[in-house]
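Can you build the whole structure from these sequences, using the hints too?
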Amino acid sequence: MKYIKLKNTILKKLPDLDKDDFHLLEGKLVFKNKDKSIQVKKLLEDLYSLDIVLTSTINHPHWDNKYESELYFNNIPTEKTYA
Amino acid sequence: MNSHYKRIGAVDESQNRYQDPSMLHEHPYDPAILEEVRNDFLKKRTCKEFIDWIDSHPHYDVVAEASSQYIRGTDVNDCFWPCAEIETDWQAINSHIAEYAKEEELNTKFNTDYTEEWRISNMTKQKSYVPFRHNSELDNQHKHGFKKQYQLIEVTLTDTFLEIKAIEDLFDFHWAKTDINYQPTSGQFPRHVDFLTTGFKRAVEFDSAIANAEYDPVSKCPVGWKMVRILIPSDNWAPGQLFSFEEHSWSNWRPGQAINFSWAHCRHATANSGYSPRSIIKITGLVKDSHWLVKKQFKKFTL
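Going line by line, the protein sequences match chains G and L. Throughout the first sequence, residue numbering follows the numbering used here, covering 838 to 920 in sequence. Throughout the second sequence, residue numbering follows the numbering used here, covering -10 to 292 in sequence.
Calculated from the structure, these hints are not laboratory results. Wrong hints could be hidden among the right ones.
Unchecked claim - Pairs of lysine-lysine, DSSO-like flavour, derived with a Cα cap of 27 Å: (1) G:Lys903 to G:Lys873; (2) G:Lys842 to L:Lys215; (3) G:Lys856 to G:Lys839; (4) L:Lys271 to G:Lys842; (5) G:Lys839 to L:Lys289; (6) L:Lys271 to G:Lys844; (7) L:Lys33 to G:Lys844; (8) L:Lys284 to G:Lys839; (9) L:Lys285 to G:Lys903; (10) L:Lys32 to G:Lys856; (11) L:Lys91 to G:Lys849; (12) L:Lys132 to G:Lys842; (13) L:Lys215 to G:Lys844; (14) L:Lys37 to G:Lys839; (15) G:Lys839 to L:Lys277; (16) G:Lys839 to L:Lys137; (17) L:Lys91 to G:Lys842; (18) L:Lys32 to G:Lys869; (19) L:Lys37 to G:Lys869; (20) L:Lys285 to G:Lys839; (21) G:Lys879 to G:Lys849.
On a predicted model such as this, the values are computed, not experimentally measured, just so you know.
As C-alpha cells, then:
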C-alpha cells in the first residue's frame, strides 16, 4: 500500500482529521498531535489488523512545525499492483 | 539530446522551498516540505513536461525523497523479488570483468568524487547520454561523507561485453540500457529511490508517443508502460557485501539469480564492507503492461 492511498483512507474514515495533521517521513506517519495519532492507530488496527508502533517524534531545528508522535507499521498488506 | 544538457544548468528557483540555504539537503527533510513537493510532483504532466520539471528543479534530492510513497512495514515481496535465473558461463564473465577492472584501475583508483559522470567509458557514443546523476543529489551525498559510491561499466553502448549484451536481449526491453554496477571495497551508496532517467530521457527525446504520454507519478512511468530495472549478480555474494531495501536485505546471492525491485518507492542502499569487489549487472528498460515482468512471472534462461 502506498502513502497517498493510506492517507486518503484515513481522512475519509476520520473526518475530523485534516490533511496537514500528519505527514510521511521515511516510511513513518508523523503527527502534530498525539491524540490524533492514537485515533489513527486504532482505526488502522481495526481496519487492517496492522501491528503498529507509536513513538514520540524527535523534532529538528530545520523543521517549520512541531510533531508530537509518529506511527510505524510491521505488516502492511501486500500490493496487487506493480509499482 | 543537446536540449537536455542545456536544461541541466537551468534551475527554476521559483520551486525553491528553502529560504535559508543552510537548510539545503538537511536530513531528515522537513515533513511539511516533503508533502508540498509531493503534491507538486503528483500534478498531471506529460512525460516530456515531467522531464523538464525535474531537470530544472533546484532540489532533485528532495523531489526523489518526496516521490517515494514507501510505508515502513511493506512486505519484502513488494520491495524486491526473484524474477529470473540465467544459466551461462558466469566464470568467464567474471574473468572478463576482473580483467577490465584491472586495465581501468577500478579498484586501485576508486574515486567518484566528481559531479558529472562516473561511467567508465571512453567511447564517443557516451556523449549522447545525459549525466545520470543530478548534481543536487551528489551534493547531498558529498555533504554526508559519501564520496566513493560505485563505478559503472558501460555495456549497451560498447562491444566490450557482448556476452552481457546477450543477457540484455533476454528481457525484450524497449530503450534497454545495461551497465555493470561495480562496487570496489569501501564503496557506499546511501539510501535513495530512482527515476531511471537515463533511459527514460532517451525514450522521451526520440519517441514522441512516450514524450506525449501521461506521466504516472505513482508508478513513475509513462501510462501504459512500466520502466523496469533488473539486477543480476555476476558472482557469488561475499560476506560484507550489503544491499538493503529499507528494513529488508538482499544477501547470499548467486550468479544469474536476477531480481526485480520497487526502484520507485523502496529506498535502497549498498555498501561493500567485504574484501572482494562486487559486480552486479543492471539492465533497465521500458516494457508494456502486458510484459511477463510486470505480471511478476519468473523465467529461467540458458545461454
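Does the structure keep G:Lys903 and G:Lys873 at a Cα separation of 27 Å or less? Within the cut-off at roughly 14 Å; holds.
L:Lys271 and G:Lys844: Cα distance at most 27 Å? violated, 34 Å
If you draw a straight line from the CA of G:Lys839 to the CA of L:Lys137, is it 27 Å or shorter? violated, 32 Å
Has the given pair, L:Lys32 with G:Lys856, been kept, meaning a C-alpha gap of at most 27 Å? holds, 17 Å
Please work out if L:Lys215 and G:Lys844 have their alpha carbons no farther apart than 27 Å. Cα-Cα ~25 Å, so holds.
Taking 27 Å as the top limit, are the C-alpha atoms of G:Lys839 and L:Lys277 close enough? holds, 22 Å
Need the status of pair L:Lys284, G:Lys839: alpha-carbon distance at most 27 Å? Given that 27 Å is the threshold and the Cα spacing comes to 19 Å, the pair holds.
CA of L:Lys37 to CA of G:Lys839, is that 27 Å or under? Since the Cα atoms of L:Lys37 and G:Lys839 sit roughly 25 Å apart, the hinted pair holds (cutoff 27 Å).
Would you check the hint for L:Lys37 and G:Lys869, treating anything up to 27 Å between C-alpha atoms as holding? violated, 37 Å
Pair hint L:Lys285 and G:Lys839, alpha-carbon separation not exceeding 27 Å: holds, 18 Å
Quick one, are L:Lys271 and G:Lys842 close enough, alpha carbons at most 27 Å? violated, 31 Å
Satisfaction of hint between G:Lys842 and L:Lys91, Cα-Cα up to 27 Å: Violated. L:Lys91 to G:Lys842 sits at ~49 Å, over the 27 Å cutoff.
When each numbered hint is compared with the structure, violations occur for hints 4, 5, 6, 9, 11, 12, 16, 17 and 19.
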